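Using the hints, position chains A, Z and S against chain G.
Number of protein chains: 4
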Amino acid sequence: MSTQMPPAHPFDDDKLKEECGIFGVVGLSDAANFVALGLHALQHRGQEAGGIVSHDPDQGFNSVRRFGYVRDNFTRQSLMETLPGPLAIGHVRYSTAGAKGAAIRDVQPFFGEFSMGGAAIAHNGNITNADALRKELIERGSIFQSGSDSECIIHLMARSLQRNIPERMEDALRRVEGAFSVVAMTRTKLIGVRDPLGVRPLVLGQLGEGWVLSSETCALDIIGATFVREIAPGEMVVISEKDGVESHYPFRRQSSRFCIFEHVYFSRPDSIIGGRSVYETRHQIGVELAREAPVDADLVCPVPDSGTPAAIGYSQESGIPFAMGIIRNQYMGRTFIEPTEQIRNMGVRLKLNVNRALIEGKRVILVDDSVVRGTTSRKIKEMILDAGAAEVHFRIASPPTAWPCFYGVDTPQREKLLAATMSEEEMREHLNVDSIRFISLDGLYRAVGEAQGRDTKCPQYCDACFSGEYPVEPSDMIAKGFELKAAE
Amino acid sequence: MSTQMPPAHPFDDDKLKEECGIFGVVGLSDAANFVALGLHALQHRGQEAGGIVSHDPDQGFNSVRRFGYVRDNFTRQSLMETLPGPLAIGHVRYSTAGAKGAAIRDVQPFFGEFSMGGAAIAHNGNITNADALRKELIERGSIFQSGSDSECIIHLMARSLQRNIPERMEDALRRVEGAFSVVAMTRTKLIGVRDPLGVRPLVLGQLGEGWVLSSETCALDIIGATFVREIAPGEMVVISEKDGVESHYPFRRQSSRFCIFEHVYFSRPDSIIGGRSVYETRHQIGVELAREAPVDADLVCPVPDSGTPAAIGYSQESGIPFAMGIIRNQYMGRTFIEPTEQIRNMGVRLKLNVNRALIEGKRVILVDDSVVRGTTSRKIKEMILDAGAAEVHFRIASPPTAWPCFYGVDTPQREKLLAATMSEEEMREHLNVDSIRFISLDGLYRAVGEAQGRDTKCPQYCDACFSGEYPVEPSDMIAKGFELKAAE
Amino acid sequence: MSTQMPPAHPFDDDKLKEECGIFGVVGLSDAANFVALGLHALQHRGQEAGGIVSHDPDQGFNSVRRFGYVRDNFTRQSLMETLPGPLAIGHVRYSTAGAKGAAIRDVQPFFGEFSMGGAAIAHNGNITNADALRKELIERGSIFQSGSDSECIIHLMARSLQRNIPERMEDALRRVEGAFSVVAMTRTKLIGVRDPLGVRPLVLGQLGEGWVLSSETCALDIIGATFVREIAPGEMVVISEKDGVESHYPFRRQSSRFCIFEHVYFSRPDSIIGGRSVYETRHQIGVELAREAPVDADLVCPVPDSGTPAAIGYSQESGIPFAMGIIRNQYMGRTFIEPTEQIRNMGVRLKLNVNRALIEGKRVILVDDSVVRGTTSRKIKEMILDAGAAEVHFRIASPPTAWPCFYGVDTPQREKLLAATMSEEEMREHLNVDSIRFISLDGLYRAVGEAQGRDTKCPQYCDACFSGEYPVEPSDMIAKGFELKAAE
Amino acid sequence: MSTQMPPAHPFDDDKLKEECGIFGVVGLSDAANFVALGLHALQHRGQEAGGIVSHDPDQGFNSVRRFGYVRDNFTRQSLMETLPGPLAIGHVRYSTAGAKGAAIRDVQPFFGEFSMGGAAIAHNGNITNADALRKELIERGSIFQSGSDSECIIHLMARSLQRNIPERMEDALRRVEGAFSVVAMTRTKLIGVRDPLGVRPLVLGQLGEGWVLSSETCALDIIGATFVREIAPGEMVVISEKDGVESHYPFRRQSSRFCIFEHVYFSRPDSIIGGRSVYETRHQIGVELAREAPVDADLVCPVPDSGTPAAIGYSQESGIPFAMGIIRNQYMGRTFIEPTEQIRNMGVRLKLNVNRALIEGKRVILVDDSVVRGTTSRKIKEMILDAGAAEVHFRIASPPTAWPCFYGVDTPQREKLLAATMSEEEMREHLNVDSIRFISLDGLYRAVGEAQGRDTKCPQYCDACFSGEYPVEPSDMIAKGFELKAAE
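If you read the sequences in order, they're chains G, A, Z and S. Mapping the first sequence onto the UniProt record's numbering, position 34 (from 1) lands on 34, and the numbers just tick up by one. Mapping the second sequence onto the UniProt record's numbering, position 431 (from 1) lands on 431, and the numbers just tick up by one. Mapping the third sequence onto the UniProt record's numbering, position 460 (from 1) lands on 460, and the numbers just tick up by one. Mapping the fourth sequence onto the UniProt record's numbering, position 479 (from 1) lands on 479, and the numbers just tick up by one.
Just so you know, the hints here were simulated from the structure itself, not pulled from any lab data. Take the hints with a grain of salt, since some may be wrong.
All copies of an identical chain are treated as equivalent in the list; a pair is satisfied when it fits inside any one copy or across any two copies.
[Unchecked claim] Derived SDA-like pairs: lysine to any residue, alpha-carbon spacing no greater than 25 angstroms straight-line:
(1) 351 with 328
(2) 135 with 187
(3) 480 with 414
(4) 351 with 226
(5) 135 with 59
(6) 135 with 390
(7) 416 with 295
(8) 379 with 226
(9) 15 with 251
(10) 135 with 321
(11) 135 with 208
As the structure is a prediction and not an experimental result, all values here were calculated from the model.
Next comes chain G alone, as it looks inside the complex (with noise of 0.2 angstroms):
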């Protein structure tokens, strides 16, 4: 069932999306507003819509779930006054890839209500055997009121039967596959997990008496926050105004496996992961690139915006001389709606420009964060040629991305993944570039701190969409004929 069309996102399908920002506060007056906020820092985890739940002593609980910006939704004061109380939880994200169309339906965060009391969840990630729980619970009476998938752990949360709602939780994702974050509330609680791999990430923070769970620290600096620790892989940590933060491990205990992705692309680069910023991380890749890859030119420019802290360490590594040779129209926004032929015609230059009086002449090295369908890439590289550059060096600040991700992130299928079906050399040619290359796999291991790169019997971080290597089985998709990499 659909109800209404999402907006579309006409330029933007060249990039892996994350599909989801989660937040949450507890002990804070009007959370809620802190809540807006913090989604308002994570917004570049999800575009589509977003929501957020409060609860308040008097008034119970209340819900706004909107399509649009959550600057455009949840800053209205008339809005926000709809949503009181010392605790809520707030959830950004994109569309699900395949979705026959998005309804208001779908956006999180979820709300049950309970023999004990009401509770909201969101949720960041995928569960990979939903199909085969939706289908059990259908058959055991649960109606169904949306497409999502993170529904099944609200209606696998009602048939527990446990006495409250942290250990329902515990029994409902104890039966869940796949890589999850997941920020909840009761009356009284705030909850956050990770998922026993910790492949989406969570941290905590504090902020006077409050307490505030977020996916990524940038979103704790906008709200004043203090970063306290990121949550666990595998922990639960229920926390309440009275007794603060309760820690507890109710799944089997094994070794992180962290979604190496944030670091190239997903988290802003003001985030810090692993104590270090996401800028360094990816201005490291950059001087690792250049130790890779060299090649002689005249400057080195950023594909923007995603490209340039890489672009800057190319250039510091390399002694050629970084330039902002791609201009970005800072006024175009996410979508255009109906517009006229001509206008969709003009595809990448409604949003780049490029710096014809720089570039002519001269022989360019651009530096983007990856490679996805190679449909911007060939576009950006015709706009360089035309401005008279003398050559074109593409340098990839991750590895060929060759395969899907079932984790909660936007992957065209694998067909449509330009690195699944050529090498290196196919490439280039198929761009008509003079030289691409991509950083290996060992570097970007050691550019995100692993001196001795990639443990191959053990990888420490999730690298499925490089590697084919799912740490998670993908269940469903295997039941819906997805071939998974063939034994070496």
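The following block gives chains A, Z and S in isolation, referenced to the frame of chain G:
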């Protein structure tokens, strides 16, 4: 949980309000278009919101639910194209009295995905044991998405062990108490049910190869369908393109207790109930009233628009000339949004104006359909006197409304009903008019065609709002402290 | 130049449409609130758009102009707060026939800044030499901002050499031909003018310390103002808080030619014209019609709502019972936006339904106010016959409309007027009814109070739409090829 | 008179704001589409509102003016279809400082109907004798519809005795003082004019058979047009499909005084002025600044995004590493509508965040383009210190802004300009930073290519905002009491 404040009805709070109208079509291409037209004709039964679910063999179930008038939402081509297929049901509603706020989640039809396929259901009436059912269902793990009592039915269906949806619906409805007319649909079938007492109306129509279910016959007229028959009390019809209309009787047979207030006010005057037009019945109420409560006067004026047929009847029986002494502003819509103080204070003047030149110096009989709180009667009386009337006599086309309805009609609490606390003479003093007279209960029964008047042992209609005799025990309300009329 | 398409009036195209209502207030705090209420009461005179200009000693002139109903725009506190001050005028309008598209620029009041201060002006009527005036003004360097004829007045005022605004307005209006009632305002004065023939209405009212000008008395009632008198034909009143009402007569005196169609259809039935309510006049038209055109039948039914008073009069004079045989859908708003084909084809059924049970087998007299194109009459006749009526007799409460109006009423081109090309008998055949009869012109004059009927030498009213005798030569139209009726 | 409140710019109030961008096209089918794209590329010159007028031989002139971004309004097919034809001009604007409120009436292009046909005109700059002209025109009977100074031009044209529109425009512009670049159109001609000093930019481009006028070259790039040349100071070009480009010089010749702030901030970095990219000029400003004002530090960080090119130049000249120490939130739109108190208080944090891990313990050079009020500089300094920076050194890529601009740029009153009341050392203390240094006026002239620096007798640019030397006397402002710099 509330998500969106409903529009208020600032000037219509002195009427009983039918809470719903329902309509369904099977076997006509673009069925949702016919449903939209039918709901437009039933708009008087529920002005706050409306919804349509359709099913198409290729595109499955689709649903749109919106606040506001049918004509403002369900007429646009772009919206209606999202509701394809030969099978559709729809619903218009008022908000339930006492609810904290209306949410789009509360707008019917409700949809549930069962293991044997999906079903949608829309309901006119009220389930008198809904609180108890809801409590039980939540304890067994059902997640409610709305504050609507009707959602119980879909959860009861989800938990039934029957193999097909009509049988699951029978299972569910046997657990339900109260008054209900239901239209529902599966992927291939249109289903209609009336409760065992037949309190709320439901009729069957035919158009070409298709079948239609509707709350009233006036909605058959708008699409050009032929009226076939009323669905019988306690009957369930299961209709498909292939097999036509099948009739079932899932409940224990009882004598009919149709809502007599449908004749007085709820139904449209051009609808046909029991073979006679509602207009004629109301005209006849006026005739009876003129016989029971004659008075010497110069003019008979209706309180527009609902008092008009009875006023014509009164005029024709009494020989006193009929005149439009009060003029209704045709551009008075339902609501003002955040009006200025000055405009709020205008009250009834915004929608009614007295025809001063006509009224001045005259003895005026005002015919109204009912008196609920008496607030509007008071204001109208003042307008008439301000305009210089010599005398004002109220004649009311229904007996005193002294008891709340628990069968799907929005009534004030008992204490707010003028007739619950005052005798006719006290009302006359309270309203400060020359006389006020209500039709007798027997007079009303005669007017609707019961020549012998009311059968006090076994009343032919549900008249609880006048008599306090409730044909189905309002068990949830009794649990909340409502006291039934003491046995005499 | 067009900037925005107006809403269409798909089902109201078979009536003459008054093009404007005007209202002004001086000497009441928050005058704009009173103007809003007055315009709401005058909404029947113009449903497309409305505007209000107010003046406050501190904040100067402020203006809001909007498409849509008054109640949807000019009731919100936030908007009304932008219109402060004790002096305000307002306007409601239809779009002008033949315009390529309506723009908010065309919505009155118009405002002009003169060397001695600003003035705003709103106008009901039509300037018959506007094309010539506009051409002359453009040649002399005036820049027109709208397509509205009324803008000429403000440019003529700007070029006047008089020292104050009322005198400039006199200068301007002496150049203007046609029919016009004007309300205007300076920083301290409210001004009202009727053209020398007094074709369009304008009345004066009083409320506390304040003065009110209005198109009709019904708009005095809504704000509780007392009716003082009609502004005389050719009179200009200049009203200020300080000096009260001053009366001027800037034009050569002529005999009055008030629009007789105001009695038939334009004015609201609760307005008072010439000391008698419009309702009573219409009732009397029905009486005259019953005398002129009796017929044996079972029922007299109005075409709702405008035919109702005449139908009551016909019934009372003839003794044939009055009944509401056609029911109007109260939720039928003005427009459908981009409706589906199916909904468009429903036409009149969306707003009217026949009371089948009442009509079946009966000989029915249908009383309508007028016949313009005849398209609606045809559809209504079909609905009545479909419902099984034995005979259908049309009785029309106005003479045949055979000539277009050029004095501020939207009429079709002459060829489209049914009565311009057909005799009564031809119309009967065309509509395929048992009989059709129009009231005679003399009968109409008697009904409005001229006991001797029409004075053919010097008619007491403007009846050009019936007689083709235009009291002011429509010079722009003649320049475009319109042919006056040949002298007899 | 105000009709609608404009959106506020709550966080951008510490920059000078270019008030307009203009664009015109002749000889390309659906010219308005190209104008929309050009305006999108010029959005940085005016974010509040935009307008397009087009002309089509069949459909005449059409106009759309809207508040908000170009991409949100002028991309929809349904809207663009209302702007047909091969000739169109457009405009983007900021609101004028000090205006009580913006109305759509104030949005250009302005249109006037003259006796020889219509013309539309759009204007970038400011008319310094507009008050005097307006007063004169009103006295002679012109009616102004907007508060915009530019409307004078159209009224002067209306009153000209010349026989064709280009000659009328020459007449009008000879009466006008100040800085202006104009694009205008008749039914067949596109016209471009620069004022005699050439203060504001205007360039000519070519695309296929068509011709283009634009404020900057970056807007030629977006539609793929070739840059032909800059329009010369004092030149008027009249361009038609038939006759191509004709050049006129209606004014007395003077030496060029192009606005030097276009190099510093207004123009986009990818535009070309005087044969060199603005990016390179800004880079060179950074180089000069590093030479003039070196300091020992660890990092050079730009204040994003406008400080970036100068920061890169500073880094490359000084050898101190460049880093993105401040991150801009990409989802920070222009406005919040009625935000909560908490959100309003967040201020600059909503759009900027410091990269804490990078900054901590470092001596940081912050490169910004300019200091106006100093309010943002102060907040940024606090953010940097909060993040643990050891030292903060401001380097400003323009001289101290000590005088308001009267030539089409929105500047605060002189008293509000930090540099009008403080020396560099006082600013250092006020901002409480370790050092602050501005580039010298000579240094800026060298960076823009004047190797000998500023010619004090006859400056090569308009630098009034730095020097207080106004090349055109601001006569309206002097009449209002503004005091010119005392002669030295």
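Status of each hint after checking the structure:
1. Taking the shortest Cα distances, residue 351 and residue 328 sit within 25 angstroms of each other both inside one copy (6 angstroms) and across copies (17 angstroms).
2. In this assembly of identical chains, residue 135 and residue 187 lie within 25 angstroms of each other by CA distance solely across copies; the values are 19 angstroms between and 30 angstroms within a copy.
3. Taking identical chains as interchangeable, the C-alpha atoms of residue 480 and residue 414 lie at most 25 angstroms apart only when both belong to the same chain, with a minimum of 14 angstroms there against 60 angstroms between chains.
4. In this assembly of identical chains, residue 351 and residue 226 lie within 25 angstroms of each other by CA distance solely across copies; the values are 19 angstroms between and 36 angstroms within a copy.
5. With identical chains, the CA atoms of residue 135 and residue 59 are at most 25 angstroms apart between copies only, with a shortest distance of 21 angstroms across copies and 35 angstroms within one.
6. Taking the closest pair of Cα atoms, residue 135 and residue 390 never come within 25 angstroms of each other, the shortest separation being 58 angstroms inside a single copy and 59 angstroms across copies.
7. With identical chains, the CA atoms of residue 416 and residue 295 are never at most 25 angstroms apart, being 29 angstroms at best within one copy and 51 angstroms at best between copies.
8. In this assembly of identical chains, the alpha carbons of residue 379 and residue 226 lie at most 25 angstroms apart only when taken from different copies (19 angstroms versus 42 angstroms within one copy).
9. Taking the shortest alpha-carbon separations for residue 15 and residue 251, neither the intra-copy value of 33 angstroms nor the inter-copy value of 54 angstroms comes in at or below 25 angstroms.
10. For the identical chains of this complex, residue 135 and residue 321 are neighbours neither inside a copy (58 angstroms) nor across copies (57 angstroms), given an alpha-carbon limit of 25 angstroms.
11. Taking the closest pair of Cα atoms, residue 135 and residue 208 never come within 25 angstroms of each other, the shortest separation being 45 angstroms inside a single copy and 39 angstroms across copies.
The structure shown violates the earlier hints numbered 6, 7, 9, 10, 11.
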